[in-house]
Amino acid sequence: TSAYSSPAKSLGDPGITPLSPSHIVKDSDADDAVEQLFLVVVAIDFGTTSSGYAYSFTKEPECIHVMRRWEGGDPGVSNQKTPTTILLTPERKFHSFGYAARDFYHDLDPTESKHWLYFEKFKMKLHTTGNLTMETDLTAANGKKVKALEIFAYALQFFKEQALKELSDQGGSDFENTEVRWVITVPAIWKQPAKQFMRQAAYKAGMASPENPEQLIIALEPEAASIYCRKLRLHQMIDLSSRAPVNGYSPSDTIGTGFTQAKEHIRRNRQSRTFLVENVIGEIWSELEEGSDRYIVVDSGGGTVDITVHQIRLPEGHLKELYKATGGPYGSLGVDYEFEKLLCKIFGEDFIEQFKIKRPAAWVDLMIAFESRKRAAAPDRTNPLNITLPFSFIDYYKKFRGHSVEHALRKSNVDFVKWSSQGMLRMSPDAMNALFKPTIDQIVQHLSDVFDKPEVTNVKFLFLVGGFAESPLLQQAVQSAFGSRCRVIIPQDVGLTILKGAVLFGLDPAVIKVRRSPLTYGVGVLNRFVEGKHPPEKLLIKDGTRWCTDVFDKFISADQSVALGETVTRSYTPAKPSQLVIVINIYSSEQDNVSFITESGVKKCGTLRLDLTGTDASVPNRREIKTLMQFGDTEIKAMAIDVATSKSVKVGIDFLNY
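Sequential numbering from 64 applies to the sequence shown in the working numbering.
Possibly wrong hints are sitting among the right ones.
Said to hold, decoys possible - Derived lysine to any residue pairs resembling SDA-like cross-links, with alpha carbons at most 20 Å apart:
#1 Lys639 - Pro572
#2 Lys516 - Ala544
#3 Lys419 - Ile457
#4 Lys223 - Ser272
#5 Lys666 - Ala257
#6 Lys156 - Phe120
#7 Lys713 - Glu277
#8 Lys408 - Tyr459
#9 Lys713 - Gly664
#10 Lys254 - Thr389
#11 Lys500 - Glu403
#12 Lys177 - Asp458
#13 Lys210 - His158
#14 Lys419 - Pro453
#15 Lys421 - Thr174
#16 Lys700 - Pro572
#17 Lys689 - Thr670
#18 Lys156 - Glu224
#19 Lys156 - Ala216
#20 Lys408 - Ser467
#21 Lys254 - His509
#22 Lys223 - Gly269
#23 Lys184 - His158
#24 Lys500 - Ser543
#25 Lys177 - Phe414
#26 Lys208 - Ser176
#27 Lys689 - Thr636
#28 Lys461 - Arg473
#29 Lys228 - Phe120
#30 Lys667 - Ile619
#31 Lys208 - Glu154
It is worth saying that the hints were derived from the structure and are not from the lab.
Just need the whole structure built from these sequences, with the hints factored in.
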């Protein structure tokens, strides 16, 4: 027998068999959901390092408002968004989020702070956990564990309350949650369980409910960016490849100064926090030839880099995804990690580990100091970058080692890092650039791989978006690697691109017409056993009929194009006519070619249970059970219908509970 026993044998239920011929119906108007009317769309960009929200009233969709300014903020870091940090009290109750959480935690006495639970950069856990469930834990700075679902729900609830409060203050009357359509962005390369996890956390936070799932859209980050990029006008972007002046600056100074001047221009507009989006497709798109030209969106954030290839369908400008999203954990966190490795090299790994546990708040301080210097790194920089070491670092090191930090730096053979008399680490620009290199190399390598794919030809533009796209080092690397193949373009307010695109997506979710399925889906069935074709261990004899068990009957293959809302239908019949309870198990796999549900990598992700007891006995002898799968936004719904009696059962595909 196979490694995991055959469901047909173990359940003692005869299962289903395809009605031949198996047919596929593409039903375009299957979407009979009543479009709810929301007054406002609020999008939340829940990032690895920073988060924020923006909104637009459905009555005036051309205005996108970015959230009000937050208290706090760091020198050298623009605070249109707030850090993704959360603090729970020693009793595990929500205390604060963002700068407030960070500052409060920092001001606690070390004897106190070790009881508080502080979390940062926790979003990466959803990407790195192989078998994510509702029970997955996160570890706080003090080493204590809390359920990830609770932390994510607290964070979303915080944003929900902030947004509703701002809307109420603005409108002068209380804003109800029911009047809001929420959009939450997630990386496209996340696996299905992580996307479902976000939805569950949002339900827990009270944004929407399983009864009313339409109120929440889970949008894919690079798709949101792509939607916004279509609307960009020439004055709203920086074209790294243009030899002509951009925004009135000559190309030699575009990368560095063009960016600062562009930033200044945005700052002046920042006071209003309202962005106008014209209801047109930007001028550069007129250069795209419909049907053949592509563009790539590279969304580089704190944790992940997400790459999608799109094609625009004119005239209405719908998007079509051409190659399934790829990417990986190559976000700017990689630079922080290299800095940590450098500190370990100078001061010893044993000390750094101890310091992080014993002085967590000072460690956070040190990383904040590094963050602002990291943003000052540029290809042509000549003067050194100074990083202030917290007093407790210097003090604790002396206690730990018995000699000074200065001595450690002299003794370590790390070039380019010196000790300055003002109590700072002084890094040469080369030393700083070296910290970026591994991450940037991975991004460039990954992009080269995508460019080499046969589906990826005729790429006209490469849009660099996301927080890490602000780095001149990354801009220069991408420009020098790919500038000869396509135009490299950066939207001006690059850190807010995703947020604004997510609002546009919430206003018009139908803008993305075709996606690529990330997985192969199918159901487990019995087929008539064919000697020589089917493996003998799959043979099951029931009532004199020879069946082959565990067959994977495919609905859709990985990387196949799926139109939004498209329904794929298959018809089955009970293998045993008298059977009254029909159980249909749905499976998924990352592989294209799957023959049996027992193959490695095949996971069960749904069950449809249709109970036909008590239905009329005069049912035709070959009962037809129609099974439909509808491929929606980031969710998939399945349904089984008994054709004779119209009895039906529905299920959402579930990747977390099987």
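Check your understanding: Can you list which hints this structure breaks, lowest number first?
Key -> 1, 6 and 9
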